[in-house]
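Residue numbers (my numbering), protein chains in the order written: chain A, 20 to 348; chain C, 20 to 348; chain L, 20 to 348; chain W, 20 to 348.
Be aware that a few hints might be false.
A pair counts as met if it fits within one copy or between any two copies, since identical chains are not told apart.
What the hints assert, rightly or not - Derived pair list, reagent style BS3-like, types lysine-lysine, alpha-carbon separation capped at 25 Å:
no.	residue 1	residue 2
1	Lys-125	Lys-112
2	Lys-270	Lys-138
3	Lys-204	Lys-155
4	Lys-185	Lys-204
5	Lys-28	Lys-138
6	Lys-281	Lys-138
7	Lys-185	Lys-112
8	Lys-112	Lys-270
Keep in mind the hints are simulated off the structure, nothing from the lab.
Given the structure is predicted, the values throughout are model-derived calculations rather than measurements.
Protein chains: 4
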Amino acid sequence: MQFEFSSDKTYDIIAIGRACVDLNAVEYNRPMEETMTFSKYVGGSPANIAIGSSKLGLKAGFIGKLSDDQHGNFIRQYMADAGIDTSNMVTDKEGHKTGLTFTEIKSPEECSILMYREKVADLYLSPDEVDEDYVKQAKILLVSGTALAQSPSREAVIKAVELARKHDVKVIFELDYRPYTWGSKEETAVYYGLIAEQSDVVIGTRDEYDMMENLEAGEGENEDTINHLFKHQPNLIVIKHGVSGSYAFTKDGEAYRGHAYKTKVLKTFGAGDSYASAFLYALINGKDIDTALKFGSASAAIVVSKHSSSEAMPTVEEIEQLISEKENQ
Amino acid sequence: MQFEFSSDKTYDIIAIGRACVDLNAVEYNRPMEETMTFSKYVGGSPANIAIGSSKLGLKAGFIGKLSDDQHGNFIRQYMADAGIDTSNMVTDKEGHKTGLTFTEIKSPEECSILMYREKVADLYLSPDEVDEDYVKQAKILLVSGTALAQSPSREAVIKAVELARKHDVKVIFELDYRPYTWGSKEETAVYYGLIAEQSDVVIGTRDEYDMMENLEAGEGENEDTINHLFKHQPNLIVIKHGVSGSYAFTKDGEAYRGHAYKTKVLKTFGAGDSYASAFLYALINGKDIDTALKFGSASAAIVVSKHSSSEAMPTVEEIEQLISEKENQ
Amino acid sequence: MQFEFSSDKTYDIIAIGRACVDLNAVEYNRPMEETMTFSKYVGGSPANIAIGSSKLGLKAGFIGKLSDDQHGNFIRQYMADAGIDTSNMVTDKEGHKTGLTFTEIKSPEECSILMYREKVADLYLSPDEVDEDYVKQAKILLVSGTALAQSPSREAVIKAVELARKHDVKVIFELDYRPYTWGSKEETAVYYGLIAEQSDVVIGTRDEYDMMENLEAGEGENEDTINHLFKHQPNLIVIKHGVSGSYAFTKDGEAYRGHAYKTKVLKTFGAGDSYASAFLYALINGKDIDTALKFGSASAAIVVSKHSSSEAMPTVEEIEQLISEKENQ
Amino acid sequence: MQFEFSSDKTYDIIAIGRACVDLNAVEYNRPMEETMTFSKYVGGSPANIAIGSSKLGLKAGFIGKLSDDQHGNFIRQYMADAGIDTSNMVTDKEGHKTGLTFTEIKSPEECSILMYREKVADLYLSPDEVDEDYVKQAKILLVSGTALAQSPSREAVIKAVELARKHDVKVIFELDYRPYTWGSKEETAVYYGLIAEQSDVVIGTRDEYDMMENLEAGEGENEDTINHLFKHQPNLIVIKHGVSGSYAFTKDGEAYRGHAYKTKVLKTFGAGDSYASAFLYALINGKDIDTALKFGSASAAIVVSKHSSSEAMPTVEEIEQLISEKENQ
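The following block holds chain A by itself, in its conformation from the complex (with noise of 0.2 Å):
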């Protein structure tokens, strides 16, 4: 199965959502509290991905709310600079400041993140500042489920939907779980599950889906997920299960395995969002869903040996490299 896309869009993927700062740990190898040094970086993954989709050469765009302060002009800055159309995304008047993300990586295996998500200026993107004539020109709209957490931006987000829906564009939920802002298990279920039914292309990790489906951690299965989910809009649905791989299930029946590529680990964080950035130049650029998923784990193994998320975005020629070693031992 091939995957189609409007030829005629002016932008590859538009990414609505949060768009932060990343606070690294300098020194790694130990516990939050004895680094004393952090390094910023932009981050968030709706972010993430549009900053890696343009770094593979897809024509960007980004929906979103900064905060009026240094943070919010940095992050502006940067995804400008690494070419991305900004011209979207608004700046809050109210105060709301930028989100952050300390890491704490005290070994490959144990990385833990703290967040600051109080009144982030992303949350406050508001229906009105999605424009009907920018969404329309995208043939992906890229959808972070943390933007469902909060109003105004669930709201924003949920207008951003209809009107791709209306105009031809497809939507592709990434699920990105963030336990923070959230109400309740109950609540995120629900919106997960409104949006999961109206998109293209879902992808998240098992655990994910669990959230979208009122379960515990570790209770659902692939097969009720696809059964459920087929029988509205998504005809392609990826479910990541960690080191063991990701699943791809397409409506007409076919089911592809990806596997994850070892690699000298320094950190876990971005995996995601650069396996989801890889996953969707694949797919716009014709390849098949075998061929996705390689370079969805080829992007992901690159960014998890580096330092950052943002920064480390891998080019083409980097995947397919790396991809061409690995299948060739």
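Using the hints provided, position chains C, L and W relative to the given structure of chain A.
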């Protein structure tokens, strides 16, 4: 066109949303400032529709949340006495109060209301209090737009609609727009649009459809409304134009017009709820749409001539008698 | 001991705090669930005290915030008609509603209330709406404890007390504790303590003093209370023990006991407010504390025998007649 | 005039309020947008004063609330290592985060900060977490104005001040005004006024006193300020006028002027906190007010020449050496 319902269901209609207290001016034809005594009734659009339906002989149930106090107790008892199944009316345990509506009847043409809707119990119905086994027993799920105004009631309704569609329960969406408790017009439009597209039947005033379409009152056109909604789930759309009567449109292209029956008006409250219950009664009983429109108009005409909304709901005999009188004039 | 007041003031008493609507059961001696009709009165402790004072011939004013609707209009008109200066009763412009109190009279011994206090207008009085030129014209500033429950009303009261002390206005603190809208017992104790220490006269029930001292109800001792408060500003402390009567303590070491007058009780509401207005009337008119205690008790006895609180406030003649009858029995 | 303190106290100073994290630009003399690395320090005015005091040899304690995460752990450890008693620094259990301050050093004259203060742990210190047995052990209770910005921290401070006065603990009020998290200027003025009137010593900039007096910046006069405050509890008032130096006024009518020492300024942060700790050190050690003013100025001069605030706090020797150098020039 006739509307078909599943025949193997326990309930004709289950309504979801608010059940409140109306405090109606005992002394009327004067400003509320001069009204010194108020009579207590059950109120709230979906409660009124459930009561009206039950009085017409339908088997009705209700999903809602009641305050843990004298007003909540009163509502539960009144609705049970009216023959409604109250097993899914849960009692709030966090101190939320019953919504109140004081009515002011200056003259038949000048009626206004004063609503207490801050943190009212009905808006705290949560998705885990919506029971799949209950929803699936209904021919009709009657959704009131006001229940979408705030979380978690909003999510409870989204879940109920999802369950209704899963189990072949017809979703009837009564727009029932109240400006209170909504955050913004944009937010209102997002959720009204979302639920309308997933409903089988949508009923509302022209002004309410304008709200759904994020237009100024008076800007909307029936043609545009039905063109949009018929691309989605709805196959019957009722648009009410006050004294000019109402229109019903079906997906297969038919249009029907209903006329308002002239009557001695005491106040305008309750007209919409009595209309909806009689219209739905007619549909469920296999009557054609022309007849359903007459039932709605007759029921409304009876209620506006009386003091209360819930207490005044007519019987089938009263409705048929009024139609007979009016059509033979 | 006699209490001295400045003689060059325009107002005998200016009360600050809530003016609300009481909805009293027309049919009583039954649970509220079975009460179908309610009569409307002005209510709220400081409003009742202002009305009671005015009826006794004192020149009264009021600082408060009213809803911009029919209930707010009614209160303003009623209080103006009662002879109270309403020039400092501001109208809320942000949609806050008038507080409501439904009363339930099951029997003279079993009275309860159901209060609507969510985002009510009176709690939105802000410090810039407290006018120094107005406060300084009063002999007495009457502060109700409930006005301390939330910001900005809390700060408005703190400011009013500060201004009163600056301009030689006696501060009378009626503890008037209502559990609604307070955040926690600790918070309550902090603000009750703060204002009590800055007041000249403190009036409350033993239970209310326990709340002020962050004790469980019944734990407090009058001895401890007066020992603490007399280290600060107060020089007269009234502690009410319900049917056992009330005690007045003065800083110079005197103690007085007042007895409750037996009467045919219809309900218990309004007893405290009528007590306070008659007690203060007596003080202002130079009567000794024994007489003031009798005035308080007599006024309370009259109000509990009638249906309303505000409407039932007695005249001086009625009070003196009751005292005369009771003392000569 | 010399200031007398109780001699039988365990702690010289107990500070109450916020202990936060500063993230100081590693690369400076540039806009923060271009700063890519930040160094982590303990920050927050009362924490800095406690650290500065401890470094000067005072026995210091702290009452505050820390986040239950890596930043909270870091602060607790750092302060314990600095010799401060942390037994009354409680850990927040509701997910509140540590406050953050990013510093921007464009030039010595252009320093600004970017604060994260939404729902930060320090503002959730509650009155029941203020222990009477702890407060009473201090010679000085150091109160930071920012701790008054929100409930329940506000009530915790009001209670602490009440306890201090009860147990003959001197209350030192550092106005430390930060615009964040305060509701309004009026509200700020109410609480600043309330606490200032109950304090023994008040320290602040002229602008901060203007805020306390609800004036526009620059409108206030020292004369008016001291006339007002000396009617209440304070007997020493310090008003800082930036580079023009500072004034100290005593209730018995004396006035002192302190001069700022010229130094090579790297940034202006931390000047006030280092000033306060050295000034209080001098008072506690029985030095006269002239000397205390010199200690304050010298300590401030040292800190503004270094990169951090807390780390840079000087020793007594450094202060005395600077004074000696400057006075002998």
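Right, here's what the structure says about each hint:
no., hint, verdict
1, Lys-125 to Lys-112, "between (38 Å within a copy, 24 Å between copies)"
2, Lys-270 to Lys-138, "neither (39 Å within a copy, 44 Å between copies)"
3, Lys-204 to Lys-155, "between (32 Å within a copy, 23 Å between copies)"
4, Lys-185 to Lys-204, "between (30 Å within a copy, 21 Å between copies)"
5, Lys-28 to Lys-138, "neither (34 Å within a copy, 43 Å between copies)"
6, Lys-281 to Lys-138, "neither (39 Å within a copy, 42 Å between copies)"
7, Lys-185 to Lys-112, "neither (30 Å within a copy, 41 Å between copies)"
8, Lys-112 to Lys-270, "neither (44 Å within a copy, 45 Å between copies)"
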